[in-house]
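Peer 1: Spelled out, the chains give:
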Amino acid sequence: ETGVTQTPRHLVMGMTNKKSLKCEQHLGHNAMYWYKQSAKKPLELMFVYNFKEQTENNSVPSRFSPECPNSSHLFLHLHTLQPEDSALYLCASSQEVAGGYYGYTFGSGTRLTVV
Amino acid sequence: DAKTTQPPSMDCAEGRAANLPCNHSTISGNEYVYWYRQIHSQGPQYIIHGLKNNETNEMASLIITEDRKSSTLILPHATLRDTAVYYCIVRPRNNAGNMLTFGGGTRLMVKP
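So the sequence lines, in the order shown, correspond to chains Z and C.
As numbered in my numbering, the first sequence has no gaps in its residue numbers, which increase by one up to the final residue, 115.
As numbered in my numbering, the second sequence has no gaps in its residue numbers, which increase by one up to the final residue, 112.
For reference, chain Z alone in the conformation it holds in the complex (with noise of 0.2 Å):
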């Protein structure tokens, strides 16, 4: 256990439904990512939030939609996704101290399978 927890570990969607991923992280820290990681890919940095606001955006299409209402949790919101999509999600949470980030801590990821 890392600290940060994300729930489901593994979840199999078709590219009609809406589902969400969960991340909770209980470290204190101020500042909470979306990484995805596809076969054979570097991960992938997809939102940046800190201090519950988005602060990064990396062109990520508009059918994941993260939300962050307050600092321990962070969620993203899927829908209409294509097979392409599949991969591994991972959140990460990182503390924020005069303009550095510190002490990146990764959970163990959602394996989303798209159907």
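Treat the hints as calculated values from the structure; they're not laboratory data.
In this text, a Cβ means the ideal position worked out from N, Cα and C, and glycines have one as well.
Please note: incorrect hints may appear among the correct ones.
Said to hold, decoys possible - Cβ-to-Cβ under 7 Å is the rule here; a few derived chain C residues that face chain Z:
(1) 43
(2) 44
(3) 57
(4) 60
(5) 99
(6) 100
(7) 102
(8) 103
Said to hold, decoys possible - Simulated crosslink set (DSS-like; lysine-lysine; CA at most 27 Å straight-line):
(9) Z/18 - Z/41
(10) Z/40 - Z/22
(11) C/111 - Z/18
(12) C/69 - C/52
(13) C/111 - Z/40
(14) Z/19 - Z/41
(15) C/69 - C/3
(16) C/111 - Z/41
(17) Z/41 - C/69
(18) Z/40 - C/52
(19) C/3 - C/52
(20) Z/40 - Z/19
(21) Z/22 - Z/41
Position chain C against the provided structure of chain Z, taking the given hints into account.
Peer 2: Chain C in isolation, oriented as in the chain Z frame:
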């Protein structure tokens, strides 16, 4: 972030030292070298970081060359559980908006 270059894969015998190289020839003076590893289907795990001095912790040792253009992560007695992808990342320690970004890493296979 400065670009890093790592071999795509390496093998190591169980119980032997695993030495994972990383080239970062364009590293800037304020950039640290970080190492993370990712065991299959899990999130990346922090291992160690350093600026210019060699560093050691309970997981590994980090050797940085004097010109800081390359480094080596050493796992002194590799076990089967050390089989993972190891990522070498250089980034400033204090830089707003500077997020952790990953390259391809080195896939280390520890064999019995």
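Peer 1: If a hint holds in the structure, say so; if it does not, say that too.
Peer 2: Results of checking the hints against the structure:
| no. | hint | in the structure |
| --- | --- | --- |
| 1 | 43 | holds, 3 Å |
| 2 | 44 | holds, 5 Å |
| 3 | 57 | violated, 15 Å |
| 4 | 60 | violated, 17 Å |
| 5 | 99 | holds, 6 Å |
| 6 | 100 | holds, 5 Å |
| 7 | 102 | holds, 4 Å |
| 8 | 103 | holds, 6 Å |
| 9 | Z/18 - Z/41 | holds, 25 Å |
| 10 | Z/40 - Z/22 | holds, 24 Å |
| 11 | C/111 - Z/18 | violated, 43 Å |
| 12 | C/69 - C/52 | holds, 10 Å |
| 13 | C/111 - Z/40 | holds, 22 Å |
| 14 | Z/19 - Z/41 | holds, 24 Å |
| 15 | C/69 - C/3 | holds, 11 Å |
| 16 | C/111 - Z/41 | holds, 24 Å |
| 17 | Z/41 - C/69 | holds, 25 Å |
| 18 | Z/40 - C/52 | violated, 32 Å |
| 19 | C/3 - C/52 | holds, 17 Å |
| 20 | Z/40 - Z/19 | holds, 25 Å |
| 21 | Z/22 - Z/41 | holds, 23 Å |
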